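*Asks:* As a plain string of letters, each chain reads:
Protein chains: 4
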Amino acid sequence: MYKVNFDFLNSRLGKIWDEIFSRSMLIQAIHEERISKELFAIYMLETYQYTKHNPRNQALVGARNISIPHKYRSYCYKHAREETGHEEMALSDVRALGFELPDVELLKPLPATETLIAYLYWISSQGNPVQRLGYSYWAENCYRYINPTIEQLSRVLSLQKNQLSFFIAHSSIDEKHAKEVTDMITLYCKSDDDYNDICRVMETSLYLTGKILSNVYVEYEQLLRGDISQYQFLRN
Amino acid sequence: MYKVNFDFLNSRLGKIWDEIFSRSMLIQAIHEERISKELFAIYMLETYQYTKHNPRNQALVGARNISIPHKYRSYCYKHAREETGHEEMALSDVRALGFELPDVELLKPLPATETLIAYLYWISSQGNPVQRLGYSYWAENCYRYINPTIEQLSRVLSLQKNQLSFFIAHSSIDEKHAKEVTDMITLYCKSDDDYNDICRVMETSLYLTGKILSNVYVEYEQLLRGDISQYQFLRN
Amino acid sequence: MYKVNFDFLNSRLGKIWDEIFSRSMLIQAIHEERISKELFAIYMLETYQYTKHNPRNQALVGARNISIPHKYRSYCYKHAREETGHEEMALSDVRALGFELPDVELLKPLPATETLIAYLYWISSQGNPVQRLGYSYWAENCYRYINPTIEQLSRVLSLQKNQLSFFIAHSSIDEKHAKEVTDMITLYCKSDDDYNDICRVMETSLYLTGKILSNVYVEYEQLLRGDISQYQFLRN
Amino acid sequence: MYKVNFDFLNSRLGKIWDEIFSRSMLIQAIHEERISKELFAIYMLETYQYTKHNPRNQALVGARNISIPHKYRSYCYKHAREETGHEEMALSDVRALGFELPDVELLKPLPATETLIAYLYWISSQGNPVQRLGYSYWAENCYRYINPTIEQLSRVLSLQKNQLSFFIAHSSIDEKHAKEVTDMITLYCKSDDDYNDICRVMETSLYLTGKILSNVYVEYEQLLRGDISQYQFLRN
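Residue numbers (our numbering), protein chains in the order written: chain A, -6 to 229; chain B, -6 to 229; chain C, -6 to 229; chain D, -6 to 229.
One or more hints might be untrue.
Remember, identical chains collapse to one label, so a pair may be satisfied in a single copy or spanning two.
Simulated crosslink set (DSS-like; lysine-lysine; CA at most 27 Å straight-line) [as the list claims (entries may be wrong)]:
hint, residue 1, residue 2
1, 64, 154
2, 64, 101
3, 64, 169
4, -4, 101
No lab work stands behind these hints, which were simulated from the structure alone. Here the structure is a predicted model, which is why all the values come from computation and not from measurement.
Generate the whole structure from the sequences, applying the supplied hints.
*Replies:* Set out below in structure tokens:
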């Protein structure tokens, strides 16, 4: 039986998170207590964008017309189901901050967000069917890394529970999900090729998520400067 | 609120089933007690072929990148999950009949079976996202029509429970599924267009399933005549 | 080098065409000089429906993310291009018959037509990448079979050239296309598996096309009886 | 008629190219005459990776099952065809440098390259069908920006024509292609939405291409350090 080197995955995760934290202007804005509701709202609206697609691309793994163990296929459908509609929490949080949203169907993801979305559809619909577990692995295990930052964010903006429902819901759900992902990797990562594919997707999707943080900050600066931005409505 | 005319759907189903029953040589072979284990095995192996794809094309509805009510999307994933692996029962039944199967990955669906598979992927991946409910509607409600025939089949071939596991499992699961499909149609069939799409898919997919029965019989006759058939192994 | 048995393909084609001709009520209506402009129009409008999709599913073969010889991939794009927009000729012929068409985007294919469309997408997007050549093989070689019937049709309805542009254009273009398809099969049908897949798709897609003829006639009878039909506008 | 602001597109291109040139270690290595054959080979092998997919995702635009002007659909097929097999020139150049390539099917794109590939499939298969023209617009017009660098590269490494066939072929073909893309944008960019989608895809795809340059350099450094790399064979 193949022995998955989770320690290496975790150490890679730690390094990439450190890199993201040390470079991200958004994270710095939180740590330096400069974060504003508008900046946080842009971040949550981008979270809405990619979260909306997660059940869809997760289901695509299960829909692949190749031989896949029933239990893993079944996991894909179950996980897709459990994530369905979670994007609404992100919208609800933005509304609870006091912002009035336009028709959200008209909002477009920022380039970095669209890039992550594109990447997740790609790795879900072709290549090694287990590789998407690399994305779930960090996504369901991210709270140990981001919780302190979210707590500080919450403190600085004096956020109420109904303004942080997305993170609160996920940090509790994701414990169970994290265990399920680990179980799936343990069961279906059966070779060095599987391991490398899972690791590659884990690293790349986390790196692309880091790019969303940068893009959100740049968009916020444009908004402050009065440049054209679809987020203009946040300033009204 | 749109009122779904289930009576019309049911009367259409009744008519198409009558047509299938009156024309199908396979059904006649059962009623005339001429059904053989080989003929039944071919039917079950074709059932294996399309059943294998059902969770995949069901999940594709939920994976569509368009606006779909969360509850319906969620139903698609749940239903996909509950059908995962059911094709194994069809194989198990054939093995329990005493046949030794070759590598099933090498078996190809008959033309009529491949046509149904193709049709289900098509109506699942484009067009009205509720239209696939038309397929589920008859598939989860078929036992009232086919049970007498299955009972006669069972009697003629003296089948044990482990040789009929596919039908036994489905006739019990499908009661719950039938209710869920009806609930989904009641909730999400909201216009004449929705209704017509559901009805069209219901009729066409049932008609194409009837064609599988014919194709199975023709293949069986070829086998008897000694013509080339992938089902040659059933005669050894 | 694999030797393709074109004689067998041709003899299979001959048999299936004979079967279609002997059973089709539409063909009989032509031979018995009972064909009407309305019946011909329904047939041309269904031809519009599937012809519209041919370049798209042809291009999907070339877009497949698997290893395919460049020359065959290139052929797929070339062929897709050469068929683009041909469906307009079918519409133009119907208009030249004197019918005023509603918004054609609102017309839906009949069940048998949608089944052929679904089948062609399926065999184009998965399975053996050369198998779609089986469809092209009969489609580009059909004029030897159907020309006498088209001539009789033309005589009975006193059709002008601008009312038969679809068939006139294709019977000349298709000579070149037929040669190209034969060349492609000769080059890329390299094993019994390839041959069987091409033959299966040839037979199944021709058989499904035969079903369109039947469906067109049934729809025409419904129209005559005054039943609900999207083709009601042909009677106004 | 909508007037496309090509000047703005060009000024955006100029800025992003400047940014790429000023930040890219690979470009600096060329300008500082530190470029090695190994580094150039890695770049060409990554070029092979995404170039291979370009005809496929281009054809997907033409295969979309939505209403698209025939002339634009036809352009997609034509362009797909003209780019088919061009990736072979990239391989040929690497071989002409003196490197012996392993089975290229086993080589995987670097993360940045896979991200561009994923993005191009995404923007080709959904969203505004004209948006992919934004990618072609910069790709077919890149030689004015990159030619001086390629010339310097050629000088530093004393490259022969058969070691630069990819760039030589494209810089001549692309003049015609650039005109065609401009014609298509002029014809089918018909609204601010179209323009914004084309501009967004232009910027994002060029930015992601810049990331490939960075990733290539990082991979090269890993190779120099003796870290694990699929490009180990370049050092043997």
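*Asks:* If a hint holds in the structure, say so; if it doesn't, say that too.
*Replies:* Verification of the hints:
1. Within a single copy, residue 64 and residue 154 get their C-alpha atoms only as close as 36 Å, which misses the 27 Å cut-off; across copies the closest is 25 Å, which meets it.
2. Taking the shortest alpha-carbon separations for residue 64 and residue 101, only the inter-copy value of 24 Å comes in at or below 27 Å, while the best intra-copy value is 36 Å.
3. Within a single copy, residue 64 and residue 169 get their C-alpha atoms as close as 17 Å, and across copies as close as 22 Å, so both meet the 27 Å cut-off.
4. Within a single copy, residue -4 and residue 101 get their C-alpha atoms only as close as 42 Å, which misses the 27 Å cut-off; across copies the closest is 24 Å, which meets it.
Violation of the numbered hints given earlier is absent; every hint is satisfied by the structure.
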